[in-house]
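Q: Chain by chain, the residues run as shown.
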Amino acid sequence: MSDARTLFDKVWNARVVVAREDGACLLWIDRHLVHEGSFHGFGMLDHSGRRVRRPDLTFAIADHYVPSHSRALPIADPEAAGLVATLRENARRHGIALFGLDDPRQGIVHVTGPEQGLTLPGLTLVCGDSHTSTHGAFGALAFGIGASEVAHVLATQTLWQRRPKTLRVGIEGTPHPHVAAKDLILAVIARIGAAGAVGHVIEYAGPAIRAMGMEARMTICNMSIEAGGRAGMVAPDDTTFAWLAGRPCAPKGAGWDAALAAWKALPSDAGARFDREVTLDAAAIAPTVTWGTSPETALPVTARVPDPDAAEDVARRRQIAEQLAYMGLAAGAPLEGTPIDRVFIGSCTNGRLPDLRAAAAVLKGRRARVPGLVVPGSVAVKRAAEAEGLDRIFTAAGLVWGEPGCSMCVGMNGDLVPPGQRCAATSNRNFVGRQGPGARTHLMSPAMAAAAAVAGAIADVRKIVA
Amino acid sequence: MTPFTVLAGRATVLDRANVDTDQIIPARFLRKPRSAGYQNFLFHDVLLQEPDFPVRAGTAAVLVAGANFGCGSSREGAVYALVDGGIRCVIAPSFGDIFAGNAAKNGLLTVVLADAAALLGGADRLTVDLPAQAIICPDGRRFAFDIDAFRKRCLIEGLDDIGLTLQHEAALAAFERGLPSWALLAGSPAP
Ligand code: SF4
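Chains as they are written, first to last, in our numbering: chain V, 2 to 467; chain H, 10 to 200.
Derived from the structure by calculation, the hints contain no laboratory data.
Remember, predicted model here, so these are calculated numbers, not experimental data.
We put the CB at the ideal spot given by N, CA and C, even for glycine.
Please note: incorrect hints may appear among the correct ones.
Which bits of chain V does chain H cover? Going by a derived footprint, with three or more residues having C-beta under 8 Å, they are [said to hold, decoys possible]:
#1 22-32
#2 147-160
#3 390-400
Listed below are the simulated SDA-like cross-link pairs for lysine to any residue, each with C-alpha atoms no more than 20 Å apart in a straight line [said to hold, decoys possible]:
#4 Lys41/H x Pro60/H
#5 Lys161/H x Trp161/V
#6 Lys265/V x Ala285/V
#7 Lys161/H x Gly172/H
#8 Lys253/V x Leu194/H
#9 Lys161/H x Lys253/V
#10 Lys41/H x Ala73/V
#11 Lys41/H x His48/V
#12 Lys161/H x Pro140/H
Listing some non-contacts, in silico: residues in chain V with all C-beta distances to chain H over 12 Å [to be verified]:
#13 Val18
#14 Asp57
#15 Glu90
#16 Glu173
#17 Arg231
#18 Asp238
#19 Thr240
#20 Asp258
#21 Leu281
#22 Asp282
#23 Leu300
#24 Arg305
#25 Gln320
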């Protein structure tokens, strides 16, 4: 069937305003989310004397620089306070809705956007943040952009893009209990590599994806960028529609019916062609942990870290040795049992209610042996978690329950992992210095991070809760 | 944006894969205004750890890097740090997509060349001829490269692409009018 189209094709084709002969397409942008870091983009806009074309489709959310220890204003760090104030001022000047520090809708952009129903199937959505891929979980085409592109979208509500290639990642089978979406996506990245999807939009499909709730799908799409992907998408289905119904900005009444009809036509047609396809068996994936300084260094928790001497070539040998040295790990050492100094549970990858529930299930009635910070992804998540008593489970275990924001994922608000310390983290990046200069990050699922807190070491959650 | 045509200058080699934007510029400097002198943040923490690190501000115009250069975050500050540090061209087997887009917007040319480091390893000066789409080594060897035609034109002419886009105003306005109502906002996001 030559006219069979993928989910990506359908969303892309419906948003091309101008297709030039040289292959560049002017793409309409349905939603634009901006955070404190967008001050460069606003600066460029102001410099050119231009205005925001569609303030009604632009939303300002404070997340990267907000403190997680207290919501009491003012913010102590003058530069961070200045960035939050600048966002507020830019939103005010341009008539953009602001979810500021004291707003019940505040949260990490990629948690708040879907919660408010700003993210919908079939839309294009951008934000000056690489993890914008998260929103693809709803069947939107969502991707991160730089400051110049932020300025371009502010001024024109469009972007020039070249049509990316498509990669279908099929996840077959059923994962074992205690194997979460985070484990699956880490396994995907380990399989295809940190550059494995460069230039591609990934569609995640297969029974394991269909069986997932929206939060798990967001965890999967969130980390598309860690495989180099331009975006990640999941076809919308009844799970998506049920999650969206009644959200503040989702269509209502007749609008909902029209939307639903359009959304149901979005999934990839049978026989649609992808440029590449990869398949994994969820049942073969164990709880997964990274050992190095790229998300592609993910291994089953039962594995040993690599030995550079066993590597096939010199470059690879050097690369492994450098990563082991930074991470303070011995060649060939078992991952399980590696002592940790702290845990961080949160971020746009794993800061939603089911993530906190999974961590709390492990921590309930247990004590953490190391200090740790649990940061809900949004005010809504925080309130829902508190209504269930999850906060009390965390604090009873000895962990700190924080205020919503990016926090220790990137440390811009001052929540840093001290140099040389080892952190079990539910975030998405273990780059050199990501959580602070000299910080050593091991990426894992919320349940695995909770297990690490209880053991004071990297642990197999299946043994802790057995 | 400074137009880019032919660049002849000193080249330096950074032979490692997956050099991410957190390394190019640590997150804590992203709060600085554009006028702050971003060259001072270029590989800031890496340089503290590795005194022999081959890339620093003011020493080269061309950087020959490993695969997946600029992977990670969308921070355009990574490009500002390179450009303010005097680097106008990065040659690598592959790039992070967002990084490459950001680079073009700031007059930084990214050239995709398989096995870049091995091909150019011996040279310390290179000529990058964008109109001719060629890298020329001091010994006369030439390596052709591909580049997106639109990106090439923007770089050569130093174009402001917002102005370019607004030339399509009629098409844009028509598209905007034709959007399905469900794609617009159903209600304002009420607190
Ligand atoms: S939580 Fe981390 S990855 Fe997500 S938007 Fe914030 S800083 Fe970026």
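Q: Assess, step by step, whether the Cα of Lys161/H is no farther than 20 Å from the Cα of Lys253/V, and give holds or violated.
A: Given that 20 Å is the threshold and the Cα spacing comes to 45 Å, the pair is violated.
Q: Would you check the hint for Lys161/H and Pro140/H, treating anything up to 20 Å between C-alpha atoms as holding?
A: 8 Å, holds
Q: Take a quick look at Leu281/V and tell me if its Cβ sits farther than 12 Å from every Cβ on chain H, holds or violated.
A: Correct as stated: the minimum Cβ-Cβ distance to chain H is 21 Å, above 12 Å.
Q: For the stretch 147-160 of chain V, count the residues whose Cβ lies under 8 Å from any Cβ of chain H; is that count three or more?
A: holds (count 10)
Q: Find the nearest Cβ of chain H to the Cβ of Asp238/V and say whether that gap is larger than 12 Å.
A: 18 Å, holds
Q: Has the given pair, Lys161/H with Trp161/V, been kept, meaning a C-alpha gap of at most 20 Å?
A: 14 Å, holds
Q: Are all beta-carbon distances from Thr240/V to chain H longer than 12 Å?
A: Holds, since 19 Å exceeds 12 Å.
Q: Far enough from chain H: is every CB of that chain over 12 Å from the CB of Gln320/V?
A: Not fine: 7 Å to the nearest Cβ puts Gln320/V too close to chain H.
Q: Verify that the Cβ of Asp258/V lies farther than 12 Å from every Cβ atom of chain H, and report whether the claim holds or is violated.
A: 9 Å, violated
Q: For Lys161/H and Gly172/H, compute the direct alpha-carbon distance and say whether it is at most 20 Å.
A: The hint holds at about 17 Å.
Q: Lys265/V and Ala285/V were given as a pair; does the straight-line alpha-carbon distance stay at or below 20 Å?
A: With a Cα-Cα distance of about 32 Å, the restraint between Lys265/V and Ala285/V is violated, given a limit of 20 Å.
Q: Closest CB-CB distance from Arg305/V to chain H, is it above 12 Å?
A: 22 Å, holds
The structure shown violates the earlier hints numbered 3, 4, 6, 9, 10, 13, 14, 17, 20, 25.
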